[in-house]
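Please build the complete structure, drawing on both the sequences and the hints.
Keeping their order, the protein sequence lines are chains A and B. Okay, so the first sequence: first residue is 3 according to my numbering, each after it adds one. Okay, so the second sequence: first residue is 69 according to my numbering, each after it adds one.
The hints are simulated quantities; they were obtained by calculation from the structure and are not laboratory data. Glycine included, every Cβ here is placed at the ideal spot set by N, Cα and C. Among these hints, one or two may not hold up.
Stated by the list, open to error - One-sided and incomplete, this derived list gives chain B residues near chain A with beta-carbon spacing under 8 Å: (1) Leu77; (2) Val78; (3) Thr79; (4) Val82; (5) Thr84; (6) Gly93; (7) Lys201.
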Amino acid sequence: MNSTESSWREATAPFWRNNMALAQLLGLCPLLAVTTTLVNGLALGLATAVIVVITSTTMSLLRHVLLPSVRLLFSLLILAALVTALDLFGEASLYDLHERLGLFVPLIVVNSGVLAHAENVASRRGVAFTFLSALSTGLGFLFALTTLGALRELLGSGTLLAGIEMLGGDGAHSLTIDLPFDGMLVAILPPGAFFGMALLLALRNRLSRKAAPTGDAETPR
Amino acid sequence: MASARAHPLVTAVVITAAAFAAYYGVDTVYDWSDDRIAANERARVVARLNSVIEPGLRGRDLTTSLLAVADAELLGSDAPIDVFVLTDRGAPMAAVFATVAPHGYNASISLLIGVSPIGTVTGVRAVRHRETKGLGDAVEAAKSDWILQFDGKALTAPPPELWALDRDEGAFDTISGATVTSRTVVTAVKNTLLYFERHRDELYARAAEAAAAENTQR
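What follows is the structure, given as C-alpha cells:
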C-alpha cells in the first residue's frame, strides 16, 4: 500500500513538483514563443502531451529489446514519425491553427523535456508507471502553456480564448471573452514571455516552499 | 538492468520493424491528408480573393485565370507574381494582384490587391508579413481598419501627387508607430494601379486566351 502510494506520488510528480517547464525549465523555446494566446498554448500543449504519452509508453514497452546505445535514436524515430503524422493531421483538419503554430509542432521532435522523459523514465520503469508519468509530464506542460498563454493574452490583448473557433469549430466562437481594455502590448511581445514566465516561476517556488518548508531535494532551485 | 541483456540482433530487428511501421504510418496519414490540405489551400485562396473583390461579385460563378507577370519596378519583386483575372463569359470583372510591398520594417509584405476593370481599388489585404506585433501588424484587416482606406481609391482619386502618407503631405493615414510599414503599402498599391493602367488590355487578352485554352481542353 505504502509503496503503491509512493510510486503514485512519483509518477504524478511531473505535473507540478517536477514540472517540465516550471521546475526542470525544459522545452522553454516553444513555451515562450507560442504563448501569445491561450488557444495557441492549448493547441501546442495538447499536441505535446499526446506525443510524450505515446513515445514514452512505446519506449517503455520496448525497453527490454533495445540496446542502451540506440535508445535515443529509437526515440527520435518514433517522435519524428508521430510528429510528422500529427503535423499533417493538423494541416488537414485545423488549417488556420496549424498556420499559427507554424514550426513549433514539427519542433516537438527535439523538445528536450519529451526526450528526457523517454530517456530517463521510459527506459527504466514499467509501462503503467511510464504511462502515468508521461501523462503527468504532458498535462504539466499543457498546464504551463495554458497558464502563460492565458496570462499573456489577458494582459496583452484584453481577451481570453480568442480564436477558439479554430480549435472547436464556429460554434465555439461565443466562448471568447472580450474584456473592456486593449491590453499592454509588452505582454504579447517576446519580453512579455519572459516576464510572464518569471511570474509563474516565482509563484510556483513560493507555493512549493510553503508546501515543503524543509526543502527536499526535488524542490527547484 | 534488464535492457543490458538485449541481443544486438533483437535490437536490429525491432528497429527495422519500427522503421517500416513508421514509414507506413506516415504514408497512410499523408494519403489521408493530401487532398484535404489541397482543399484547405484552395479554400484559403478563394476566401482571400473574395475579400478584395467587389462585394457584388462574391459567390458569383466567375472564370478565374491565373497569370504570372513580372515587373521589378512596379510589382516589388524580381520574380513573377500571380495575378488572378476574373471574367464573366469573357467580360472583365476584376483583377487581383498577389504583389509585394518590398520595404516593410522587417521583411517584404505580401499583399493581395483587387482592382476593378476601370482601375479602382476594390480591396487590399496583407497576406503575409513580419511587421512588429502591436505596431506594424495593424496592416492586418483583423487588427485594424487601416488597410480598408484604399477601397474605392484610384490613380485619379486622390490625384497622383497625393498618393502618399499624410505625414508626407499625401492623402493616406499612417499607422501610428509604423511609418515604414504604411509607406511601403501605399507605394505598393499605387504601383499596382500604375501597372494595371499600363497593362490592362494585355492582362485581359491573356486571361481570355487562357480561358479559351482551358475550354478547348475540355
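Cross-check of the supplied hints:
no. : hint   : in the structure
1   : Leu77  : 10 Å, violated
2   : Val78  : 5 Å, holds
3   : Thr79  : 5 Å, holds
4   : Val82  : 5 Å, holds
5   : Thr84  : 11 Å, violated
6   : Gly93  : 6 Å, holds
7   : Lys201 : 6 Å, holds
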